[in-house]
Amino acid sequence: MITALILGPLMGLLAVVLWRHRAAEITIAATVANTVFTAALARGILRSGEVEMAWWGLLKADGLSALFIGTTTCTGLVIALHAKGHRQPHGNGPIPPGFWPSWLVLLTGLNTIFLSEHLLAMFIGVELVGGAAVGMVVLSGSRRALVLARRYFLIRLPGSLLFLFAIAWLHAVYGTLFMGELRELLEPSAMTSWAAVLLLFGLLVKAAVFPLHYWLPAVHAIAVGSAGAVLSGLVVKGPFFAVVRIWFDLLPTVATQAAAAFIGALGAAGILWGAVHALRERRLKLIIAHSTVSQMGYLLILIPLLTGYAGSSWAAAAWTGGIYQAMAHATAKAALLMGAGVIVYSLGSDKLRNMHGLAGHLPLTTLAITLACVSLIGLPPSGGFIGKWLLLSAALQSGQWWWAPVLLAGSLLTAAYAFLILSYAFQAKVGFATVRKPPVLMEATVLALAAASVLMGLRVSEPMQLLGQTDEVRMEWNPEEGAP
Amino acid sequence: MESGGGRAVSGGGWLPVLVIASSLVAGLVIFLIDERARRLREAVNIGAALIKLALVAFIFYGVVWHDHSFDVRYQILPGFDFLLRVDLLSLFFLTLSSVLWFLTTLYAIGYLEGSPNRKRFFGFFSLCVTASVGIALAGNLITFFIFYEFLTLTTYPLVVHRGTKKTLAAGRTYLLYTMPGGAALFLGVVWLHSLAGSFDFGDILVIRELAAENGVQLTILFYVFVLAFGVKAALVPLHGWLPVAMIAPAPVSALLHAVAVVKAGAFGILRLVQDVYGVHFANEAGLLTPLAVLAAVTILYGSARALAQRDLKRRLAYSTISQVSYIALGVAIFGPVATIGSLVHLVHQGLMKITLFFCAGNFAETLGIHHIDELAGVGRRMPWTMAAFTVAAFGMIGVPPTAGFISKWYLGTGALSAGQTWVVGVLVASTLLNAAYFLPILHIGWFRKPAKPWAPAKVARFAETSRLLLIPALVTAALSLAVGLFAASPFSPLDLAVQITERVYAK
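Respectively, the protein sequence lines represent chains H and E. Start counting the first sequence at 1; every next residue gets the next number (our numbering). Start counting the second sequence at 485; every next residue gets the next number (our numbering).
Keep in mind that the hints were calculated from the coordinates and are not lab data. Wrong hints could be hidden among the right ones.
[As the list claims (entries may be wrong)] A partial selection of chain H residues facing chain E, derived with a Cβ cut-off under 10 angstroms: (1) A316; (2) G378; (3) Y424.
[Stated by the list, open to error] Within a straight-line C-alpha distance of at most 25 angstroms, the following computed DSS-like cross-link-like pairs (lysine-lysine) qualify: (4) H/K429 x E/K936; (5) E/K649 x E/K603; (6) E/K649 x H/K429.
The structure presented is a predicted model; accordingly, all values stated were derived computationally and were not measured. Backbone N, C-alpha and C define an ideal beta-carbon position, used for all residues, glycine too.
The following block holds chain H by itself, in its conformation from the complex (with noise of 0.2 angstroms):
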């Protein structure tokens, strides 16, 4: 199945460069099979309970991947019909051909990522993913999308250097770059530390962790609706992955609690600078990308919480919280930019004083927004609450408890910037001379991924026996005494 993760895609890829008049549909293909491919991987593992290897052990496949790679794999899928359905808001013309290849190079990079388990894999991974993220900004055409697209390429390239230059060091000193190895040899000094710096810093960029942010609202905001769903909602939790592996799978026996206290401070920073800022701005988008800095910031708490606690009792609330939380935030933050991108195709504009009114002439568009912000919140069922419960339950037990006010007021804060843009919405008086009827699939996947969002926390069992089968150590459940 490994195999065919990595192959499908770039399959797809050729197929579209053989055909192109047909790429949309190839890559809508390309896409449900590698939805058919993830399932089967994870009813693999749910089975024997075993991780599975390949390509000899460049790649592997564990429960964490399985659930990050079926969180992308279905989201990416909605994406791609909704870009199928996708029209331009000047004209009637459909979206860019360019988003086809791009989304299967993104697709390849992201499953690459998840699945690697030797370095240099994960950096092409990490590599593959930028390269198309770019592609995506620049989309649109427009003269500020390339300004905008050359200057994320540049920020990123430093990162990228350095991670290059880490995994360099990390060879000629230990001579492997197989994770799993590295970690066995790996001893706390001066020279692992930096080397961990040079590792994390770039992909902390990447992930767009406070105060490396800087650059994300604008490049996000800029891109036509799909790709901003694919950058704002998948593209991160590339990095993000990759944090988490390098974290917990290759530096546990050097990663002190004062650096992953550091991480969960910025996680924190950013969870209210987003916020923040989100709520000062007066168009859907920005503040849809400024969220996307908050709820990333949700994520990085889970260092904090784990970090020298494997095996106690909070330790699986705390894991499956993080993940639960990044899940639901990809889904959610995806159907976000869509619903944003038929905004813009019926109003013509995402500023909010154009959408007075909205909630009755798009009433599906303004159901799916505020679904995905039911999940952004933390108000129950969704995905996001559980995430959250999960993560604020691990917090008082771990005696963390400074970083319960932190969750708790990023969730209000997420509240007032969702119904501010929902108190736009319900006016009655009408900001916008015409509305246009949006093609039929553009709202009804929107609508689907936002109820997807908040339906995924009523069924928590199966991702977290998927988590559970290849991570014992993190996952010992004790319903017993440690309730979640």
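Based on these hints, arrange chain E on the given structure of chain H.
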């Protein structure tokens, strides 16, 4: 663990699910029906309300006559259960909300005739009732929290329904109070679970076992919960949203004040004291007295502010702040008699207050009356509405034999038998204030001469106003009289309240 102590567990666990589904599905279906298909929408709405009534009647029969219990448990995570359960207290609240939902649906259909966005209104209206029914049926804190937040979410579109700048500002205020309230509840529930693990309502030994080591945390937690519920129950100083939210259409106000939001808060306090901490423990730990003082302050403050209002709906809103706190007051006085008063007031206040709001809505909708002085002589123009208003107002004051008298009698004697004489002073002062702000309305309405001839009626006429507006008000007025007159008969609210109290104090 079984909460009722030796009750027979039987099949039919799907019944609570159906009760929730009846309005949830109706709400979703209404969203799918075309705005113009008025008849179909009304049929779905009324049909769902009737189905819910029938289901509740069936559950009522099973629980009260045959001592059946209904449990539906679904595990979301280990130690994280979604649990619907019918005990006597949930039955109490469930019956209230399903009866009043039916009446309010009729009223709302009449009230909103011809206005825009009715599809949205009735959709969210059904979802809102789903939330309050869910709160009634919640068998543990997690489930309670889920529906509590769902309630906030579904009432917002109802509050801002008219979509004007003013209503949106009111909606913002509403959220400004209720969202932090929800966050406090979230914190409280997660905190308590991280201390105690998983437990259901009624497993009060869990807290007692924790008390030895975590006494301080439990005390703090109690007030976190009081804060969380206090926002919706409009305890001073968390009441600011309620008078502002008056801007909503009359059926929404009626529902908000009688069954949904305010009651959800009061019901939460009841659950907290009786089924999470347990009355005995809460009393021993000294948690109740501060709550009683808070409730007493709210009662006096609400009444005093009501006196100063000249807008009819605003006066009623401040009156709600005052009246709902009787529930918190009664539960915070340790002793069965006061608890009976508190529980029975949950139903009594609902019946009386919904009548008052129906009537206020009738005045506004028929004759455009909003201000108290404009009511002059309305008793002759709309005698039935005014009569219903009078019955409910007398109830609020506590004139025998109305419902309010029963509540106040039990609260007063309960306070005396608990040795808390000061509470009687509060009750007397509040009753005087109630009289001071309700009697002038009655006087103006019945005896003063109208300043100018009545404008022609705005709605279709049946004697004095539209049938759909008048009948619900008359029914609730009659009910609020009947529950007082027949308080001593079996299966009256009072009788159920006595039974609940017996179980609570037996633990």
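Verification of the supplied hints:
At its closest, the beta carbon of H/A316 sits 9 angstroms from a beta carbon of chain E; the interface hint therefore holds under the 10 angstroms criterion. Given the 10 angstroms rule on beta carbons, the hint for H/G378 holds: about 8 angstroms separates it from the nearest Cβ of chain E. For H/Y424, the suggested interface contact is upheld, since its CB lies about 9 angstroms from the closest CB of chain E, less than 10 angstroms. The suggested pairing of H/K429 with E/K936 is violated, with an alpha-carbon distance near 35 angstroms, which exceeds 25 angstroms.
Distance check on the hinted pair: E/K649 and E/K603 sit about 21 angstroms apart at the alpha-carbon level, within 25 angstroms; holds. Proximity of E/K649 to H/K429 is assessed by CA-CA distance (about 9 angstroms); at most 25 angstroms being required, the pair is judged to hold.
The earlier numbered hint that this structure contradicts is number 4, and it is the only one.
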